[in-house]
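Let the hints inform the model, and build the full structure from the sequences given.
Those protein sequence lines, which keep their order, are chains A and B.
So the first sequence is residues 1210 to 1322, counted in this note's numbering.
So the second sequence is residues 95 to 209, counted in this note's numbering.
These are calculated hints, taken from the structure and not from any lab test.
Computed from a prediction, not measured in an experiment: that's the story for all the values here.
All C-beta atoms in this analysis are idealised placements derived from N, C-alpha and C, irrespective of residue type, glycine included.
A few of these clues could be false.
To be verified - Taking lysine-lysine pairs in the DSBU-like style, the calculated list, with each CA pair at most 30 Å apart, reads:
(1) B:K97 x A:K1268
(2) B:K151 x B:K107
(3) A:K1278 x B:K164
(4) A:K1251 x B:K97
(5) A:K1251 x B:K164
What the hints assert, rightly or not - Rough simulated footprint, nothing fancy, chain A against chain B, three-plus residues with beta-carbon under 8 Å:
(6) 134 to 141
(7) 176 to 190
(8) 199 to 206
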Amino acid sequence: ILNVEQSPQSLHVQEGDSTNFTCSFPSSNFYALHWYRWETAKSPEALFVMTLNGDEKKKGRISATLNTKEGYSYLYIKGSQPEDSATYLCAFMGNNQGGKLIFGQGTELSVKP
Amino acid sequence: DVKVTQSSRYLVKRTGEKVFLECVQDMDHENMFWYRQDPGLGLRLIYFSYDVKMKEKGDIPEGYSVSREKKERFSLILESASTNQTSMYLCASSIPTGFSGNTIYFGEGSWLTVV
Chain A
1210 ILNVEQSPQS LHVQEGDSTN FTCSFPSSNF YALHWYRWET AKSPEALFVM
1260 TLNGDEKKKG RISATLNTKE GYSYLYIKGS QPEDSATYLC AFMGNNQGGK
1310 LIFGQGTELS VKP
Chain B
95 DVKVTQSSRY LVKRTGEKVF LECVQDMDHE NMFWYRQDPG LGLRLIYFSY
145 DVKMKEKGDI PEGYSVSREK KERFSLILES ASTNQTSMYL CASSIPTGFS
195 GNTIYFGEGS WLTVV
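The structure is reproduced here in structure tokens:
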């Protein structure tokens, strides 16, 4: 079973703090790396799909970087707000896996006002 | 708006019962998935299907089966429910690998308790 690891498992920050999390994945047979945001009682929703080494994606205050050669991706949130509180999931897709995503355990972010 | 609908949000079943979890997507997606979410273990893939009547085992298929008779519907079946299958089940769908983006769209989850 391929291993995708996220750190930290949980994070508690104050409103206005900037924060970042890490996703580690296999560096071989890479096809894509996905980031999802999962709020309580809602469906996970896609933030980014990243496919190229060196990719940087941005959506509002959230951005992500990708290093496929060393097998990691960072997700950054600038100036965290309480509405950013959610679990952030990364998922690895290999080029020999027929479209399957292998998820990390997630980073649970709590932003206090 | 894209939609993945899981018909049952909360179920309580007895040990040994046969349980059906239904999922319908309205996006004409080829790929459909069933995941299970447990605390500390993340989302684990049970089964997936890349076409009607096609299925492949995921990482934890034991105790489960699936059915995909129509493109829009993917059912997860617990032939004889056991207490260790108490969990939250997430259905998802996507376009095939190789297409740009290939985002997965999730349902809202089905919470199953087996007593």
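Does the structure keep K1251 (chain A) and K97 (chain B) at a Cα separation of 30 Å or less? Distance ~13 Å between K1251 (chain A) and K97 (chain B) Cα, so the pair holds.
Holds or violated: K1251 (chain A) and K164 (chain B), Cα atoms, limit 30 Å. Distance ~26 Å between K1251 (chain A) and K164 (chain B) Cα, so the pair holds.
Outcome, coverage hint (the segment 199 to 206 of chain B, chain A; C-beta under 8 Å; three residues): holds (count 5)
8 Å C-beta criterion, at least three residues: is the segment 134 to 141 of chain B covered by chain A: Result for this restraint: holds, n = 6.
Examine the segment 176 to 190 of chain B: at least three residues should have C-beta closer than 8 Å to a C-beta of chain A. holds (count 3)
Straight-line Cα separation of K151 (chain B) and K107 (chain B) no greater than 30 Å? holds, 24 Å
K97 (chain B) and K1268 (chain A) were given as a pair; does the straight-line alpha-carbon distance stay at or below 30 Å? holds, 22 Å
Holds or violated: K1278 (chain A) and K164 (chain B), Cα atoms, limit 30 Å. Violated, at about 40 Å.
Violation of the numbered hints given earlier is confined to hint 3; every other hint is satisfied by the structure.
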